[in-house]
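**Q** Single-letter residue listing:
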Amino acid sequence: DMKVTQMPRYLIKRMGENVLLECGQDMSHETMYWYRQDPGLGLQLIYISYDVDSNSEGDIPKGYRVSRKKREHFSLILDSAKTNQTSVYFCASSLSGLGYAEQFFGPGTRLTVL
Amino acid sequence: GQQVKQSSPSLTVQEGGILILNCDYENDMFDYFAWYKKYPDNSPTLLISVRSNVDKREDGRFTVFLNKSGKHFSLHITASQPEDTAVYLCAAGANTGANTGKLTFGHGTILRVHP
Chain H
400 DMKVTQMPRY LIKRMGENVL LECGQDMSHE TMYWYRQDPG LGLQLIYISY DVDSNSEGDI
460 PKGYRVSRKK REHFSLILDS AKTNQTSVYF CASSLSGLGY AEQFFGPGTR LTVL
Chain X
56 GQQVKQSSPS LTVQEGGILI LNCDYENDMF DYFAWYKKYP DNSPTLLISV RSNVDKREDG
116 RFTVFLNKSG KHFSLHITAS QPEDTAVYLC AAGANTGANT GKLTFGHGTI LRVHP
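In order, the protein sequences belong to chains H and X. Numbered according to my numbering, the first sequence terminates at residue 513, and the numbering increases by one at each position without gaps. Numbered according to my numbering, the second sequence terminates at residue 170, and the numbering increases by one at each position without gaps.
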């Protein structure tokens with residue numbers, strides 16, 4: 400069953416705490432993504448990873464960092480979370496980094512920073 | 056500025072009707088155009104996509120039209136059904152250099168189809 404998984408699904412943190420969001424995929428996809436979705440703003444790309452240790456900033460990377468040590472796993476880290484990072488975070492993967500490849504999305508993580 | 060823009064935040068139609076969702080873009084380098092569908096509390100899924108070498112692609116009730124000179128693409132849905140009620144996100148990408156693999160999404164159009 401090919402899919403993208405995200406853990407945790409829901410998370411509440413206090414301002415200043417560190418946050419780790421995990422994403423996994425079992426399709427051997429090269430490319431993985433982290434997006435955030437806010438009301439009325441669609442999906443905004445935070446980071447893209449073309450393969451292990453080959454990461455690139457998206458449109459809104461400030462306040463975030465990522466880690467990809469295995470092809471099937473991509474982590475999003477918030478060092479010292481801020482209240483404006485409250486959002487729904489989606490991970491996605493695609494077969495390759497070519498722009499024509501369909502992106503498969505995980506179920507999302509709803510993060511609340513108090 | 057917003058590179059990919061959906062002009063209608065929401066749209067309501069009666070079941071069976073034809074509807075058109077619109078998307079405008081700014082970047083001349085975009086050569087891939089897609090529509091994703093998202094149900095509430097679910098993840099987006101690809102509905103239909105087209106490359107810039109064609110101006111139309113049809114898949115059942117769904118057709119995407121591309122107007123490159125006007126920097127515009129649209130999604131036409133025929134015989135609309137209540138199950139079409141969802142958020143529709145348009146997206147565009149350019150397969151060049153540092154932008155390879157990146158999609159820019161619009162803000163979404165909330166579609167409601169009434170029985």
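Derived from the structure by calculation, the hints contain no laboratory data. It is possible that part of the hints are untrue.
Stated by the list, open to error - Beyond 10 Å from chain X on every Cβ pair, some chain H residues (computed):
id, residue
1, Val418
2, Arg467
3, Arg470
Unchecked claim - Under the rule of at most 30 Å between Cα atoms (straight-line distance), these lysine-lysine pairs were calculated in the DSBU-like manner:
id, chain 1, residue 1, chain 2, residue 2
4, H, Lys481, X, Lys157
5, H, Lys468, X, Lys157
6, X, Lys92, H, Lys461
7, X, Lys60, X, Lys92
8, X, Lys157, X, Lys111
9, X, Lys111, H, Lys461
10, H, Lys412, H, Lys461
11, X, Lys111, H, Lys412
If you're wondering where the values come from, they're calculated on a predicted model, not measured in any experiment. Note that CB positions come from ideal geometry on N, CA and C, so glycine has one too.
**Q** A separate judgement is required for each hint: does it hold in the structure or not?
**A** Do the hints match the structure? See the list:
1. Val418: Per Cβ check, H:Val418 is outside 10 Å of chain X; nearest 20 Å; holds.
2. Arg467: 14 Å, holds
3. Arg470: 15 Å, holds
4. H:Lys481 / X:Lys157: 26 Å, holds
5. H:Lys468 / X:Lys157: 21 Å, holds
6. X:Lys92 / H:Lys461: With a Cα-Cα distance of about 28 Å, the restraint between X:Lys92 and H:Lys461 holds, given a limit of 30 Å.
7. X:Lys60 / X:Lys92: 16 Å, holds
8. X:Lys157 / X:Lys111: Between X:Lys157 and X:Lys111 the Cα gap is close to 22 Å, so the pair holds against 30 Å.
9. X:Lys111 / H:Lys461: Given that 30 Å is the threshold and the Cα spacing comes to 38 Å, the pair is violated.
10. H:Lys412 / H:Lys461: It holds: about 19 Å lies between the C-alpha atoms, which stays within 30 Å.
11. X:Lys111 / H:Lys412: 47 Å, violated
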